[in-house]
Structure formats: C-alpha cells, structure tokens
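S.K.: Spelled out from the first residue to the last, the chains are:
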Amino acid sequence: MSGRYLARKGVQAIVTIAFILVLNFILFRMMPGSPDRVIARNLPAPVHAQLLERWGLDKPLIPDQLVAYVGATLQGDLGDSYRFRGETVVDVLAERIWPTLLLFGLGEIIAIVLGLGLGAYSGWRRGGPVDYVGNGVSLVLYSMPYFVIGMIVLVVFSAGLGWFPTSGMFTIAATYASPLDQAWDFLAHFTLPLTTVAIGLVGQYSILMRSSIIDVMGEDYIATARAKGLRDGVVLRDHALPNALLPAVTLVAINLGYVIAGAITVEIVFGWPGLGTLTVDALAARDYPVLQGVFLLLSISVVLANLAADIAYGALDPRVRT
Amino acid sequence: MTADAASRVTGRRQWPLPKLADPSAPLLVVDGLRTEFTLEAGRLRAVDGVSFRLDDGEALGIAGESGCGKTTTALSLVRLLPGNARIVDGSVKLWGIDLVQKTDRALQRYRWREISIVFQGAMNALNPVRRVGDQIAEPIEKRLGQSRAAGLARARELLDLVGMPRDRGRAYPHELSGGMRQRAMIAMALACDPAIVIGDEPTTALDVMVQAQILELLERLRRDLGLSLMLITHDLSVIAETCDRVLVMYAGRVAEEGGVGAVFDHPRHPYTQKLMGAFPDIASGRRTLDVIAGQPPDLRNPPAGCRFHPRCPFVMQVCREEQPPEVRFPDGVRVACHLHPPGGDGVVAQAAERSAPDAPPQSPAPVLAAVPEPDRAPDAGAVPGLAAAPDLAAVPDPAAVPGPTGVARPPVVPPPAARTPAP
Amino acid sequence: MTAVAGADVRSARLRLRVRNARSFVRRFLGRRDGALGVAILAAFSVVALFPDLLVGPLQTVTTATGRQLEAPSVAHLFGTDHLGRDMLNLTVHGTRISMTIGLLATLVTLVIGVLVGIVAGYVGGATDTVLMRITDFFLVLPTFVLALILAPIVLDLIGTDAQIGGIRATLFVIVVVIGITSWASTARIIRAQALTLKERAFVSRARVIGASGTHIMVRHILPNVLNLIVANAVLTFAGAILTETTLSFVGLGDPFDPSWGQILNAAQESGAPGLGAWWYVAPPAVSVVLVVLSFTLVGGALDEVLNPRLRARR
Chain E
1 MSGRYLARKG VQAIVTIAFI LVLNFILFRM MPGSPDRVIA RNLPAPVHAQ LLERWGLDKP
61 LIPDQLVAYV GATLQGDLGD SYRFRGETVV DVLAERIWPT LLLFGLGEII AIVLGLGLGA
121 YSGWRRGGPV DYVGNGVSLV LYSMPYFVIG MIVLVVFSAG LGWFPTSGMF TIAATYASPL
181 DQAWDFLAHF TLPLTTVAIG LVGQYSILMR SSIIDVMGED YIATARAKGL RDGVVLRDHA
241 LPNALLPAVT LVAINLGYVI AGAITVEIVF GWPGLGTLTV DALAARDYPV LQGVFLLLSI
301 SVVLANLAAD IAYGALDPRV RT
Chain U
1 MTADAASRVT GRRQWPLPKL ADPSAPLLVV DGLRTEFTLE AGRLRAVDGV SFRLDDGEAL
61 GIAGESGCGK TTTALSLVRL LPGNARIVDG SVKLWGIDLV QKTDRALQRY RWREISIVFQ
121 GAMNALNPVR RVGDQIAEPI EKRLGQSRAA GLARARELLD LVGMPRDRGR AYPHELSGGM
181 RQRAMIAMAL ACDPAIVIGD EPTTALDVMV QAQILELLER LRRDLGLSLM LITHDLSVIA
241 ETCDRVLVMY AGRVAEEGGV GAVFDHPRHP YTQKLMGAFP DIASGRRTLD VIAGQPPDLR
301 NPPAGCRFHP RCPFVMQVCR EEQPPEVRFP DGVRVACHLH PPGGDGVVAQ AAERSAPDAP
361 PQSPAPVLAA VPEPDRAPDA GAVPGLAAAP DLAAVPDPAA VPGPTGVARP PVVPPPAART
421 PAP
Chain W
1 MTAVAGADVR SARLRLRVRN ARSFVRRFLG RRDGALGVAI LAAFSVVALF PDLLVGPLQT
61 VTTATGRQLE APSVAHLFGT DHLGRDMLNL TVHGTRISMT IGLLATLVTL VIGVLVGIVA
121 GYVGGATDTV LMRITDFFLV LPTFVLALIL APIVLDLIGT DAQIGGIRAT LFVIVVVIGI
181 TSWASTARII RAQALTLKER AFVSRARVIG ASGTHIMVRH ILPNVLNLIV ANAVLTFAGA
241 ILTETTLSFV GLGDPFDPSW GQILNAAQES GAPGLGAWWY VAPPAVSVVL VVLSFTLVGG
301 ALDEVLNPRL RARR
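Quick note, the sequences are listed as chains E, U and W, same order. Going by the working numbering, the first residue of the first sequence is number 1, and it counts up by one from there. Going by the working numbering, the first residue of the second sequence is number 1, and it counts up by one from there. Going by the working numbering, the first residue of the third sequence is number 1, and it counts up by one from there.
Warning: the hint list may mix true and false statements.
Mimicking SDA-like on lysine to any residue, the simulated pairs with C-alpha atoms at most 20 Å apart in a straight line are [stated by the list, open to error]:
(1) E/LYS9 to W/PHE138
(2) U/LYS274 to U/LEU339
(3) U/LYS19 to U/ARG143
(4) E/LYS9 to W/LEU139
If you anchor each label on the Cβ, the simulated ranges turn out as follows [stated by the list, open to error]:
(5) U/HIS234 to W/ALA126: 45 to 55 Å
(6) U/ALA153 to E/LEU106: 40 to 50 Å
(7) E/LEU106 to W/ARG133: 31 to 41 Å
(8) E/ILE97 to W/PHE50: 47 to 57 Å
(9) U/HIS234 to W/SER23: 44 to 54 Å
(10) E/GLU95 to U/ALA153: 56 to 66 Å
(11) E/ALA174 to W/PRO255: 34 to 44 Å
(12) W/ARG133 to E/VAL90: 24 to 34 Å
Covered by chain W, per the in silico footprint, the following chain E stretches (three or more residues, Cβ under 8 Å) [as the list claims (entries may be wrong)]:
(13) 135-148
(14) 158-167
(15) 256-269
(16) 277-286
Honestly, the hints are just simulated from the structure, not real lab data. No experiment lies behind these values; they were computed from the predicted model shown. We put the CB at the ideal spot given by N, CA and C, even for glycine.
With these hints in hand, go ahead and build the complete structure from the sequences.
M.R.: As structure tokens, then:
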C-alpha cells in the first residue's frame with residue numbers, strides 16, 4: 001500500500017481531531033451552568049473578579065482560553081471532575097472505559113462474525129428458507145432500538161425466567177470465595193447486555209452482506225470462476241467474499257457513531273457501569289469536565305475507527321491504493 | 001480424428017484424455033440442442049434444435065444478431081447456464097462423451113480442462129481484487145492439483161505465450177489496458193490445455209488495432225498448439241479472417257452453416273445475404289448499406305414456420321406455415337430455407353434421406369432415454385457400454401475426406417430430421 | 001394556433017404524468033413489502049391524527065383511571081403505568097408526539113441536507129470542498145453524544161417554557177437537534193446525484209441561454225433529485241423516530257407530552273423491566289418497531305420500483 005495513501009488518510013484524521021478539539025471547547029463554554037456563569041452568580045464584584053482570574057476565566061475566550069485548553073489536553077490533562085471531588089477526568093474515564101470496551105468490543109465481534117456469515121449464506125442461497133427467515137428477522141431487529149431489545153431481554157430472562165441478575169456488573173457488596181466465583185458473577189451479569197448488543201448489531205451486518213453478495217454474484221468474474229470448474233464453496237470463498245466484504249468494512253466504521261448511541265442506552269437499561277451511564281449521570285450533575293472528556297474520547301475513537309477502516313479497505317481493494 | 005490428429009492432440013497435451021473419451025470420435029458433435037429459460041411470463045426457448053460439429057484444430061465462427069442464442073449455445077456446452085435455464089433436448093458429444101447426460105459433478109471434469117471460455121469485456125470478467133497471475137494459476141492449482149509455485153510458473157509461461165511480459169502477472173486487472181486484459185484472459189483459458197477454447201465476443205470491446213493483434217494471437221495459438229476454436233461474434237469480418245467454418249444463427253435456430261469461403265462467396269439463406277450486405281466492403285464501390293428491416297422475434301412467442309419470415313424479402317406462403325428442413329449442398333454448406341427445398345436443382349437430397357440407410361435404427365432420442373442411468377455414476381470406472389454405443393456422429397461420411405487441419409471438409413452432421421417431426 | 005398547441009402539449013404532459021403516477025402506484029402496491037408498509041403507516045397516521053377520538057384526552061396523574069402497574073385486563077387492555085394511567089391511552093397519545101417529531105425532524109434534515117447537497121454538487125469548486133469538509137466532519141462526529149450536549153444549550157437559548165408553533169420547547173429542541181445531527185448523509189447522497197446531473201445536456205443548455213445558478217438549481221436539478229429525496233425521506237423518518245425515542249429514553253423527553261421514548265424512560269426509571277411489568281414496555285416498544293419496520297419496507301419497495309435492479313445475464 002502506498003505511503004502516500006496512508007499519509008493522506010493520516011493527515012485527514014489529524015485535521016478532524018483538531019476540529020473536534022475546537023468544537024469541544026466551544027460547546028462546553030456555551031453550556032448552561034458552565035464555569036464562568038456558575039461562578040458569576042451572587043458574588044460581590046471584587047471576589048468575582050478574583051475567582052475569574054484564578055481560574056483563567058477572565059482571559060478572552062479565543063485565543064487564550066482555547067490555547068490553554070488545547071495545550072492542557074495535549075498533555076493529557078483533561079481537568080478535574082466536578083462531581084467526583086479529587087479525581088481527575090482521566091481517572092474517571094479510565095475507570096469506566098473498560099466495561100464499555102468489553103461490552104461493545106465483544107458484542108461487535110460476535111455481531112460481525114454472525115451477521116456477515118448469515119448474510120453471506122442468505123445471499124448465496126437466495127430464496128432458500130434460511131434467506132427468508134434470516135432476512136425477516138434481521139429486518140425486525142434492525143428496526144429495534146438497542147435498549148428496546150435490552151428491555152425485552154431483561155423482562156424475559158431476568159424478571160421472567162430469573163436466570164440472570166437485573167443490573168450492574170457485579171452483585172452489590174458481594175464477597176467472593178475465589179477469583180473463579182468473581183468471574184462467574186461477572187459472567188452472569190455480562191451475558192444479557194452482551195446478548196443485547198450482539199442482537200442489535202447483527203441485523204444490519206446481515207442485511208448489508210446479503211445485499212452485497214447478491215450484487216457480486218451478478219458480476220462476470222463469478223461466471224468466469226464457475227466456468228473454471230471451481231467448486232461452489234471455492235467460488236464463494238476466493239472470489240465472492242473478498243469483493244462482497246468491501247462495503248461491510250465501510251459499514252463497521254460508519255456504524256461506530258451509532259453504536260455509541262446504543263452503548264449509552266444499553267448501559268442504562270442494564271445499569272452497566274461504563275461510559276454510557278457515566279455520560280448520563282454527568283449530564284444530570286452538570287459535570288462538564290467529565291462530559292467534555294467523554295465527548296473527546298468518543299469522537300477521537302470514531303475518527304480512529306474510520307482511519308482503521310480506510311486502511312483495511314486499502315488492504316482489501318487494490319483499486320483505491322493509488 | 002485421424003491417427004495424426006489423435007497423436008498430435010495427445011502428444012501436445014500435458015494431461016491425458018478423459019477416461020471415457022473415444023479418440024476415434026470427432027472432437028465435438030452437437031446434435032439437436034434445445035435450451036429453455038423459464039420466466040415469469042412463460043418459457044423461452046433460446047436454442048431450438050441447433051446442430052453442428054467441430055473437428056480438431058478447426059475454428060468455427062458462430063454469427064448472428066444479439067439475442068439469437070449464440071452465447072446460450074456456447075454456454076450450454078458446459079452447462080454454464082443461470083438457474084432458470086435448462087437443456088431440454090439434444091446431445092453434446094465431446095469425443096463421444098455426451099455432456100448433457102452428465103451430472104453437475106461429473107461435468108466439472110470437463111469445464112476448463114477440455115472446454116474453456118474467453119468472455120467479452122474482460123474488465124468485469126477478471127476478479128478486481130486478485131492479481132492476474134494468481135487468477136491464471138488458479139485452475140492449474142485447483143483443477144490440476146499442482147503446487148502454487150508450479151501454477152505461477154506456468155502462468156508466467158502462458159503470459160509469454162500470449163505476448164505479454166512475464167512480470168505483468170503481478171498486476172491487478174485495473175492496471176492493465178483492455179488489450180492486455182484480453183490477452184490475460186486468453187492465457188487463463190489456455191491454463192489447463194483445453195481441447196476447445198470458446199471466445200464469446202473476444203474483440204468486441206477493443207479498438208480496431210488491438211482487435212487485429214488479438215485475432216493474430218488466436219490464429220498463432222491455433223497453429224502452434226493445434227487448438228480448436230469457437231468464436232462467437234456478430235462481426236462477420238472477424239469470422240472471415242480467423243475461422244474455417246461459419247454457423248449463422250437466427251432466433252435460436254441454424255440458418256446456414258458451411259466453410260467460410262463457400263458461405264461468404266455465395267450465401268444462400270436470405271438472412272445471411274442480408275448480413276453480408278450490412279457489412280461495408282472496402283473493395284466494392286460506394287453503396288448504401290443494407291439494413292434488415294424489423295426486429296428479431298420475441299422468443300417467448302416465436303413466429304410460426306420459418307422464424308425469419310416476417311423480415312424476409314423472399315417470403316412465400318409455406319414459410320409462414322412450415323419450418324424449413326435442412327439441406328446440404330455439394331460444397332458442404334447446410335441451409336434451412338424454403339428457397340432451397342430438398343431435391344431442388346443442384347441441391348443434394350435432404351440430408352436426412354441421404355444418411356438414413358446408414359443410420360442404425362437406434363436414433364439419438366432413444367439413446368437419450370435409455371442410457372442415462374449408468375452414466376450418473378461418478379467418472380471413476382468407465383461404463384463399458386458407453387464407448388461402444390452406436391453413435392450417429394461416428395458414421396463416416398463417404399463424401400468426406402478427413403484431412404489435416406485447415407482444409408475445409410464437408411462436415412458430417414447427424415441428420416436433424418431424424419429427431420424433429422417430419423416437416 | 002400556438003396557444004392551442006401549447007395547451008395541447010400541457011394537457012398531454014399532464015395526462016402522461018397522471019398515467020405514470022398511476023402505474024407507479026400500481027407497481028408499488030403490487031409488492032408485498034410496499035403494501036404492508038403503507039398499510040401499517042396509514043393505521044398509525046390515523047391514530048396520530050385523532051388520538052382524542054380514539055381514547056379520550058391524555059391521562060395525567062390526577063386523571064389516572066387505574067391502580068399502579070396493573071397487568072392487562074378487560075378494563076385496561078394494555079395495563080397501567082406506575083402512576084395508574086391506562087397504557088393504551090398513553091401509547092395512543094404517544095403516537096401523535098412521536099410521529100410529529102419524526103415528521104418535523106425529517107423536514108429539517110431534508111431541508112438542510114438537500115440545500116447543502118445541491119449547492120455543493122452544482123456550484124462545485126471551493127464551495128463544494130468547504131461544504132464537503134463540514135459534511136464529513138458531521139458524519140464522523142458521534143451525533144448522539146452531540147445531541148445530548150446540544151439539547152441543554154438550545155433549551156437554554158429558547159427558554160424552557162417557550163412554545164413554538166404549539167410544540168413545547170423540550171420537544172422542539174429534539175427536532176432541532178435531530179435535524180442538526182442527521183443532515184450529513186442526505187447531503188452526501190444528494191450531492192452525488194447533483195454532480196451527475198450537472199453534466200447533463202439540459203443543464204448546459206440552460207446555462208447557455210443565461211439561466212442563473214439559482215434558477216438552474218431550483219427548476220432543473222431539484223425536480224430530478226426528487227426521486228432520491230423521497231427514498232431518502234422515508235429512511236430519514238425511520239431514523240428520526242429511532243433517534244427521538246432514544247433521546248427521550250435517555251431523559252430529554254417531555255413528561256407532560258410523552259412520546260414512546262418518554263414512556264419507555266418512565267418505565268425504566270420506575271424499574272418496570274426488573275419487576276416483570278412487561279406491559280409497560282411492550283406497547284411503546286412494539287409501536288416503535290412496527291413504524292420503523294414499515295418505513296424500512298416502504299423504503300425498500302420504493303427503491304426497487306424506482307431503480308429496478310437489472311437482472312444480470314448469468
């Protein structure tokens with residue numbers, strides 16, 4: 001893959017991140033209850049002025065405050081949380097990021113494998129029973145917001161059948177006889193939210209892959225492969241799939257933005273202590289530094305995911321590499 | 001096939017003939033082929049009783065307008081048909097082996113290894129995400145069981161053979177020009193040393209200079225490798241230049257067939273005459289080009305009798321009612337037209353009558369019905385009865401002198417009349 | 001003589017249009033998915049337009065007719081919520097809110113998206129580059145989080161108690177926020193089409209006779225992207241409903257004008273799923289799924305009818 005292609009994509013990513021930083025800054029200064037407004041209330045003028053000066057809020061918004069903000073961010077200082085006294089934003093984020101990563105990372109992987117597999121099979125054997133059932137189910141799932149799936153799953157498997165606990169990542173205030181017990185407790189709590197995420201994501205991958213395979217099947221090079229006397233499975237694996245996967249790669253990246261929406265809501269439904277519940281709680285508590293940090297983190301993740309998708313696409317499709 | 005031809009074929013081939021092959025049988029005999037498409041609106045018979053023969057080392061051109069069934073005929077040979085199409089009648093005998101009777105699995109053996117295809121518009125016919133060399137080597141590895149290194153090495157040889165630099169195998173299809181892609185497709189078609197290469201409009205998408213180069217290449221390969229070619233094209237000039245014999249199709253049926261010289265100098269079917277007239281001739285004076293009025297018929301509801309009759313300038317009443325029988329002329333040309341009825345002047349009696357005494361009572365139709373079962377077993381273990389089965393195509397034509405490649409010989413064609421109801 | 005001819009041409013054109021429209025409707029409704037989708041949407045539209053006729057006014061805490069969290073019974077077909085309000089009543093009224101917000105949000109999205117798309121595609125050059133950069137930026141942003149953050153800001157700007165066009169501020173904010181965050185993909189699609197149209201003969205002819213850019217964009221380009229807009233509108237509507245439901249679920253909705261998302265939010269807050277009160281969750285959930293599903297079906301059918309996929313030869 002040409003270095004020029006990589007460099008171009010890399011530079012675009014960096015520029016986008018720069019814009020995100022600026023947007024982040026502006027948004028949070030505009031938010032109601034933001035620092036300068038909070039501090040400005042009901043204070044005698046000299047005290048007010050002193051406080052503003054202390055927090056650097058008396059300087060003009062642009063460029064001074066902006067530069068200060070960007071500088072601090074680049075050094076890894078995202079400020080202190082309003083809500084969790086004594087903890088920096090970075091601390092708070094670090095604590096809550098891995099439950100989210102675990103839930104959504106694993107969920108995406110399962111959904112991709114299942115969805116692409118199901119979609120490919122449905123498309124290849126178009127019109128078969130698997131196709132009709134699979135397509136119908138995918139369509140319905142695609143129309144459901146993730147949290148609806150979550151609520152249904154919760155009602156059926158937790159409240160209804162009692163197989164799984166209702167919320168949280170671990171049983172509250174539990175003591176464990178061994179790490180194995182702890183792992184087991186974790187798994188019990190993890191299963192329902194993971195299932196929800198996987199179910200929610202499977203639909204669109206399956207629909208996309210099916211459509212993609214059907215498009216590819218009509219191409220002449222598939223006819224050539226068949227004319228060569230290659231077995232059906234080989235034609236699917238060596239000729240159809242590599243071409244059909246290309247749109248799927250793009251979808252994974254585009255999806256990330258929407259997955260984040262799902263992340264927040266699914267975590268709420270299951271009380272999963274990740275970035276999602278953190279966002280909503282911080283919003284309610286007006287904990288702006290944390291909110292800013294979350295927004296930054298999520299935005300940069302999406303940019304990086306898009307970059308990764310571009311690179312993967314370049315690896316798969318030689319036509320874009322110039 | 002004479003002993004000469006047989007040894008040349010077996011000699012140059014790197015791989016043995018199929019177990020069931022009869023080396024004394026002609027290379028390819030197609031008899032009464034009928035292929036039907038099942039559509040929502042009904043059945044469409046794209047190929048309706050087509051018969052012809054291809055001998056070793058020959059180049060046969062199949063000509064006709066779009067939609068006349070020429071491509072479907074070619075694809076039917078190896079049953080590369082879409083899901084809604086079926087061969088409903090006829091036989092395709094490769095060295096005496098009827099491919100129509102084979103199961104899909106058994107038929108695999110013949111695809112690409114005996115009959116390969118060069119598709120038109122090679123841009124889409126090559127997988128865009130794989131290197132060209134890989135795609136050429138693929139059948140060598142997968143079908144002939146060679147190692148990857150051996151496959152790639154052979155691919156390089158083949159690229160050389162078709163006049164491309166060896167290292168271009170590392171390129172992707174979009175990095176090659178149209179002409180080079182077509183050469184790569186030809187190299188790919190030769191990968192398994194097939195007996196027959198079918199070219200489906202191989203030069204249509206190319207500009208004239210490149211077209212000439214590709215035709216020259218095909219001619220050279222035919223000479224050097226003793227290949228048999230079937231060229232499907234609507235462009236008569238390509239056939240004139242490259243082929244020994246020509247088969248003119250119209251609306252799923254054979255209109256005229258014979259040596260290129262004979263047919264082009266003296267076309268007998270009105271459709272052929274019109275086709276010839278539609279092509280500019282640089283040697284003749286200026287004239288308005290002929291245009292054939294009307295459209296090819298909708299094959300879901302074809303015209304009764306002769307299918308060309310709505311557009312034929314010489315149409316007679318009988319043309320509207322009866323399908324014209326095939327007759328053969330002394331120069332070997334076959335025509336199906338009421339202007340040339342059996343027994344007319346200068347016309348040899350109807351081909352059916354001529355070979356009838358020689359034909360064994362067992363016509364291909366009963367063979368079709370009676371033999372299938374043993375043939376369904378996998379290739380392993382030749383079915384003893386098959387090679388010995390009486391085969392009309394093997395009946396020698398006393399008038400024909402089998403000769404070396406390049407000499408136009410009157411083809412022996414199994415009488416279609418024996419299969420169709422008497423006209 | 002020319003006047004008569006002109007009228008003839010116009011009436012002939014009109015007849016042709018009517019014939020085309022009829023054939024389109026016939027083909028569209030002939031498809032199972034299209035017909036089903038339209039039927040479901042029609043049903044929901046009727047409910048959305050006349051909720052009071054069907055179930056009476058929206059119940060509130062004071063006018064609740066049942067006890068808390070009653071399971072479905074003859075008196076309350078869908079049971080009651082945690083305040084004792086009839087679920088059927090709530091869900092029917094929620095239909096009006098959800099569909100209205102969806103519709104308005106779709107309009108906002110389309111207006112912005114089509115505007116940006118056509119201008120970027122037709123004008124080209126630096127304008128195109130700038131607009132596309134902005135569009136790409138919005139495509140990359142996690143729009144949901146952005147919406148979460150924008151909502152309080154916009155609310156602050158408008159004032160919590162304002163009413164705009166009969167819609168309360170909180171809901172209006174949701175409309176605006178969905179519009180701001182969803183226009184980007186529409187813009188992209190429209191721009192691609194505008195680019196193709198720009199090269200067509202009728203556009204260059206218009207330019208040659210001196211038509212202004214605006215005139216061309218409005219009278220020539222816009223009518224030709226209408227097909228695309230309609231197809232896109234259907235999917236945008238589905239997306240808007242999903243987004244609104246999610247935003248309300250997260251707490252941005254209006255408890256006094258509950259949409260389906262808001263009902264689900266209340267359900268979650270009151271712990272209904274954990275208590276097994278499935279009737280609190282099911283009606284709004286099923287409604288959302290049905291509406292989004294039917295939009296998807298209609299969108300798919302529209303696509304097939306307007307852009308039939310040519311069957312490949314092999």
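S.K.: Are U/LYS19 and U/ARG143 close enough, with their CA atoms no more than 20 Å apart?
M.R.: The given pair, whose Cα atoms are some 16 Å apart, holds under the 20 Å limit.
S.K.: Regarding E/ILE97 and W/PHE50, is the given constraint of 47 to 57 Å on their beta-carbon distance met?
M.R.: holds, 48 Å
S.K.: Hint says 56 to 66 Å; check whether the CB-CB distance for E/GLU95 and U/ALA153 agrees.
M.R.: holds, 59 Å
S.K.: Against the 20 Å threshold, does the CA-CA distance of U/LYS274 and U/LEU339 hold or violate the hint?
M.R.: holds, 15 Å
S.K.: Quick check: do three or more residues in the region 158-167 of chain E have a beta carbon closer than 8 Å to a beta carbon of chain W?
M.R.: With 5 residues closer than 8 Å to chain W, the region 158-167 of chain E meets the three-residue bar; holds.
S.K.: How does the Cβ-Cβ distance of E/ALA174 and W/PRO255 compare with 34 to 44 Å: does it lie in that range?
M.R.: Since the Cβ atoms of E/ALA174 and W/PRO255 sit about 35 Å apart, the hinted range of 34 to 44 Å holds.
S.K.: Assuming the hint says 44 to 54 Å, is it satisfied by the Cβ distance from U/HIS234 to W/SER23 or not?
M.R.: violated, 34 Å
S.K.: For the pair we were handed, E/LYS9 and W/PHE138, check the Cα-Cα distance against 20 Å.
M.R.: Holds, because 17 Å separates the two Cα atoms, which is no more than 20 Å.
S.K.: Has the region 135-148 of chain E got at least three residues whose CB is nearer than 8 Å to a CB belonging to chain W?
M.R.: holds (count 8)
S.K.: Falls inside 31 to 41 Å, the C-beta gap from E/LEU106 to W/ARG133?
M.R.: Given about 35 Å between the Cβ atoms, the range holds.
S.K.: Range first: 40 to 50 Å. Now tell me if the beta carbons of U/ALA153 and E/LEU106 are that far apart.
M.R.: Taking Cβ atoms as reference, U/ALA153 and E/LEU106 lie about 45 Å apart, which means the hint holds.
S.K.: Would the pair E/LYS9 and W/LEU139 pass a check requiring their Cα atoms to be no farther apart than 20 Å?
M.R.: The hint holds at about 16 Å.
The structure fails hint 9 only (numbered hints given earlier).
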